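Protein sequences, first through last, are from chains A and B. When the count follows UniProt numbering, it moves up by one through the first sequence with no breaks and lands on 273 for the last residue. When the count follows UniProt numbering, it moves up by one through the second sequence with no breaks and lands on 310 for the last residue.
Don't take every hint at face value.
Unchecked claim - One-sided excerpt, in silico: chain B residues whose CB lies under 8 Å from chain A:
| id | residue |
| --- | --- |
| 1 | 27 |
| 2 | 132 |
| 3 | 154 |
| 4 | 156 |
| 5 | 246 |
Unchecked claim - As a list, the in silico EDC-like pairs of lysine to aspartate or glutamate whose alpha-carbon atoms are at most 16 Å apart:
| id | chain 1 | residue 1 | chain 2 | residue 2 |
| --- | --- | --- | --- | --- |
| 6 | A | 2 | B | 206 |
| 7 | B | 114 | A | 11 |
| 8 | A | 42 | B | 147 |
Unchecked claim - Sample of chain B residues at the chain A side, in silico, Cβ under 8 Å:
| id | residue |
| --- | --- |
| 9 | 26 |
| 10 | 29 |
| 11 | 45 |
| 12 | 88 |
| 13 | 128 |
| 14 | 138 |
| 15 | 147 |
| 16 | 152 |
| 17 | 285 |
| 18 | 288 |
Just so you know, these hints were derived from the structure itself, not from any lab. These numbers come from a predicted model, not from an experiment. In this text, a Cβ means the ideal position worked out from N, Cα and C, and glycines have one as well.
As a plain string of letters, each chain reads:
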Amino acid sequence: MKYKPRTFVLEVVMVMAAIAFLFPVYALVTLAFKDPGQIANKPLSLPDPPSVGSFGEAWQSASLGSALLNSTLITVSSVLVLIVLGSLAAYFLARTATRLSYTLYILFLVGIILPFQLGMIPLYQMVNDLGLLGTYQGMILFYTGIQLPFTVFLYTGFIRSLPADYTNAALIDGASHLQAFAHVIFPLLRPITGTVLILNAVHIWNDFFTPLLYLGGSGRETVPVRVFAFVNEYTSNYGLVAAGLVLAALPILLLFLVLQRYVIRGFASGLKG
Amino acid sequence: MTVTAQAVRRDAVKAPRRRGGGIAPPWLFAVPALLIYALVVLYPAFSGAGSAFTDWSGVGAQRSFVGLDNFQELFHDDQALGALRNTLLLTVAIVVVQNGIGLLLALGVHTGIKSRMVLRVIFFAPVVVSPVMVSFLWKYVYNPAPDAGLNAALGAIGLGGLRQDWLGNPSIALWSVAFTVIWQCAGYSMVIFLAGLEGVPAELHESAMVDGAGTVARFRHITWPLLAPAVTINLMLSTVGGLTLFTQIIAMTNGGPGYATDTLSTVLYKQAFVFGKFGYSTAVALVLAIFVAAVSFIQIGYLRSRETAA
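Starting from the given sequences, assemble the full structure and let the hints guide the process.
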């Protein structure tokens, strides 16, 4: 495409839009680097001199270190279980043309449009009865169940587009179904596994409501739950709250910047299956 | 073409099964996923739908069948009716504005501008951040003090007259919350539209330009019809997201001022966990579920017909 005067005008408009778009981020980040005096007198100026004292205090007060560990543990475990169980189930659903497999596939699809609020209270009671409130296992079980329909949907669509010959060859060579799946099929699923991983990881890492309900007060709170409690406690200490928000958002933003191509592609393609 | 391909594949899978060779994967592969799905999603959803017709008042409590009482209460409960209204208003605002902005951003970065890759990353970045944190960020931006956040910015550019108590004024608060959601999710709509735009063959535009078609005509007759799948996905996502909006409300306004920003999700949460009215809460959840299902079916049906027509 040629760079014409019209392109330049568009460029200017888009960059201005981005600057306006980033205004809230500017306000928050500068706030985090200011001491209380600067916040009161010069709300929108650059911090001069910048002070980093709020960051250490926020890290401590919000116990962000352990929150990051909790979030990582729950997210990584849930995503691993989802990838294994989701791809196995989808392999059966995609490669079996019986009424049973069709019915099961539709049953999984129902889960995509069923709002979780409907089962929220009975599920809470069940998790309570199972003694899983306040545990990592409870959260991993929850995320596995809630995200399986979507995961199965993505994997099934992808497997249907693969030729069937590969596994047949492996089975004829005497491999078991599980071996054929692990060594032949699963490696072929890499592109969709990437999408499944990204979409589920972002959702689980950022989820708020269920961890608030299940983990509140347990000491195993995830980052969003800790941030919620922290902000509500220090609500009028703007500099401290801003520093806490910046710190809490930083890990996933950095990961996004490193993997931006894959993340954007995953979000853009994920729903087309 | 597709029909034949499917028929061939079906034969390829079925034939070995009939011979007992068992080349189709064993059904055991689906069992672990199915068990967890049934335990975490299906059983609780059915149980929840059932308790919407009871007076269940809490974990472990007795429940007795009360017929449609909960629904009758719902339709005479000003808070619930207000929440229903707010939910619908929020959804319409989010669906229209988020997708409108998302489409404009996608059209803007799907050009020869030099900053297009950087702009994609900037506009998409809020999507990966927790809604709780985005809500708190905007809660500061909406600070009612005249010299903080958005009000300070308005003052600085000479628009001091527009200063507001963004979240404290009941007639504005709902739109302030909607705008936060739009700010966070417009980039999501953008990348889905972008994927659609990248599928539009450049030759179509070139030959239309040769025929003398202007930018608007080319958008209407070439780009827009070919964007149908992206439109379907975006409308579905933003509608369901709007109908089930919860986190942003709890973090920014907790439903206030008064009940001005309560949604079905916040009402059913408060009824259950603040007032212990579990039966009533699941009735609200059932109404919400019916809305989500109805909207999904209407949209899928309508947009599918548009896709095939295009």
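Now for the hints, and whether the structure bears them out:
Taken as an interface hint, residue 27/B checks out: its beta carbon lies about 6 Å from the nearest beta carbon of chain A, inside 8 Å. For the restraint placing residue 132/B at the interface with chain A, the shortest Cβ-Cβ distance is roughly 4 Å, inside the 8 Å limit, so the hint holds. Taking 8 Å as the C-beta cut-off, the interface hint given for residue 154/B is violated, the closest approach to chain A being about 11 Å. Hint status for residue 156/B relative to chain A: holds, with the closest Cβ pair at about 6 Å, below 8 Å.
Hint status for residue 246/B relative to chain A: holds, with the closest Cβ pair at about 6 Å, below 8 Å. Using a Cα cut-off of 16 Å, the hinted pair residue 2/A and residue 206/B holds, with the two alpha carbons roughly 14 Å apart. Restraint check: the Cα-Cα separation between residue 114/B and residue 11/A comes to about 7 Å, which is no more than 16 Å; the hinted pair holds. For the given pair, residue 42/A sits about 9 Å from residue 147/B by alpha-carbon distance, which is consistent with the 16 Å threshold.
For residue 26/B, the interface hint holds, since its Cβ comes within 8 Å of a Cβ in chain A; the closest pair sits about 6 Å apart. Given the 8 Å rule on beta carbons, the hint for residue 29/B holds: about 4 Å separates it from the nearest Cβ of chain A. A hinted interface residue such as residue 45/B counts as satisfied when its beta carbon comes closer than 8 Å to some beta carbon of chain A; here the least separation is about 4 Å, so the hint holds. Below 8 Å, beta-carbon pairs count as interface contacts, and residue 88/B has none with chain A, the closest being about 15 Å; its hint is therefore violated.
Because the smallest distance between the Cβ of residue 128/B and any Cβ of chain A comes to about 5 Å, under 8 Å, the interface hint for this residue holds. At its closest, the beta carbon of residue 138/B sits 6 Å from a beta carbon of chain A; the interface hint therefore holds under the 8 Å criterion. A distance limit of 8 Å between C-beta atoms decides the matter here; for residue 147/B the minimum to chain A is near 5 Å, and the interface restraint holds. The beta carbon of residue 152/B comes within 5 Å of a beta carbon in chain A, closer than 8 Å, and the hint placing it at the interface holds.
Because the beta carbon of residue 285/B sits about 4 Å from the nearest beta carbon in chain A, less than 8 Å, this interface hint is met. Nearest Cβ of chain A to the Cβ of residue 288/B: about 6 Å, under the 8 Å cut. The hint holds.
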